[in-house]
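Q: Read off the chains here:
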Amino acid sequence: MSPPVAAKPTPKIRVSNLCKAFGDKKVLDGVDLDIMPGTSMVVIGGSGSGKSVLLKCILGLIEPDSGVIEIDGVDVLRASSAEADAIRSSIGMLFQNGALFDSLPVWENVAFGLLAQRKISRKDARGKAPEFLTPVGLAASVGELFPAELSGGMQKRVGLARAVAAKPDMLFFDEPTTGLDPIMGAVIDGLIVDCVQSLGSTALAITHDMASAARIGTNAAMLYQGKIVWEGAADQLLHSGNELVDQFTHGRREGPIQMELRK
Amino acid sequence: MLDVLLTPVALLGRATLSVCRSTGQLTLFLIEGLSHLLRPPFYVRLFWQSFVEFAYFSLPVVALTAVFTGMVLALQASTGLSRFNAESAIANLVVLSMTRELGPVLTAVMVAGRVGAAMAAQIGTMRVTDQIDALTTLSTNPMKYLVTPRLLAGAIAVPLLVVVADILGVFGGYLVAILKLGFSSQVYLKNTYDFMTRLDVVSGLVKAVVFGVLISLLGCYNGYRSKGGAEGVGAATTSAVVASCVLIFFFDYILTEAFFTR
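Chains as they are written, first to last, in the working numbering: chain A, 1 to 263; chain B, 1001 to 1262.
Worth flagging that the hints you see were computed from the coordinates, not collected in a lab.
Heads up, a few of these hints could be off.
As the list claims (entries may be wrong) - Straight-line distance between alpha carbons at most 30 Å, and here's what the computed DSSO-like set of lysine-lysine pairs gives:
#	chain 1	residue 1	chain 2	residue 2
1	A	Lys25	A	Lys227
2	A	Lys167	A	Lys128
3	B	Lys1227	A	Lys227
4	A	Lys167	A	Lys119
5	A	Lys123	A	Lys167
6	B	Lys1227	A	Lys25
7	B	Lys1190	B	Lys1180
8	B	Lys1180	A	Lys26
One chain only, chain A, in its complex shape (with noise of 0.2 Å):
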């Protein structure tokens, strides 16, 4: 008698065939994708790769032109509004750079999205400001500040309370650690590896900063040209036998990509 199979599990993100162009321009051509419950998967890939728009995709903010999306098995893209608000209600969003409302204060920053779902008063959500930034070390005195009077790192952190204050079941980052010096960018690594683990949320990140990569990331995949050429565990980034990744994660200047960039 044969052991009985192991169901597989259902991924908690699944992009199937994704295709977009902007004009002539195929960004995403063909994206497959999977990510499973619980894993932090990375997607490396250079400027103009389609990693930005992959993400948009994902968030509902860019309409595909075709492919599907699937989150908790249910297709994002022939959802119905009020079932796009809920899963856009399970995800957080740490953006490229911050994305804070420069006219709103930080503890009103922070507490947006609880605000905004009715699960929190103004008034309470003031008073709690130090319970959502003081995880990612921030004084409570922050929390009355405006966005221009921080520091970028400091942005990152606030952008990061907002991503997690809700405490959502998915989260994404957009290029975490962009334009911050490489202790900060490893500080702020070390926040988000906290914060998923903590929430045991599903994380999605996309870089090309492999420190950054390494540090964030379960799993890995590279996007090259709309599509993705490899996929595996992050720590095999380095080691991943396909030219394309290795050329990128060493930072060569000769190789597959260089060439494709010549023409």
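Since chain A is already given, all that's left is putting chain B on it; use the hints.
A: Chain B alone, transformed into the frame defined by chain A:
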């Protein structure tokens, strides 16, 4: 030879299509913005902020413009009407011009330059720094949050500013008539009151509502669609002010036709 003849036709065709496309997009944007007026959640605080920005902070510039316009009107009317010995009609001309035309139009143009430009710059900056995308990811509809309160604030605040502009414009004319042209205060005020009709004031206020919506609409629309960083935000701001001014004069003509042409 044929190309030389057809090029201008092609350019004209492209321009016509572009105008039609923009008009359609603007109309859909307005409909979507207005459609959120009656659906919760209501952002009362944002409406109030926009209203204060429109009404309170625009008050000094609108007041000064109105007073000086009324004064200039009285002076010009005096020099023009004296040729026909009709100086007594100065009060009539000032009140008619202010309530029907100059009050609403000058107020709207000043507000477009002040508030419309700021609106386009603010929303444009939010667009190019991903703040509008962030709103979406935080369970907030950007149209409802950014556009609807501003449309409502414009529709309510600009008529209030026009009432102030009408009063101060007439007051400016009164000052010149009394202090410089030697009119009797009582006679001037009686002429003003007797000649003014309800339609003059109402037509001016209806124009003000339309202009208020136009200023908000074009400020929001251009900001919302801006792209390309600081340059894009600058272009959006310029477009918002220019398009607002042009459409204010266009709708001024349409509404004047509607109210006063029999």
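Q: Find the hints from earlier in the document that the structure breaks and name them by number, from lowest to highest.
A: Of the numbered hints, just 8 does not hold.
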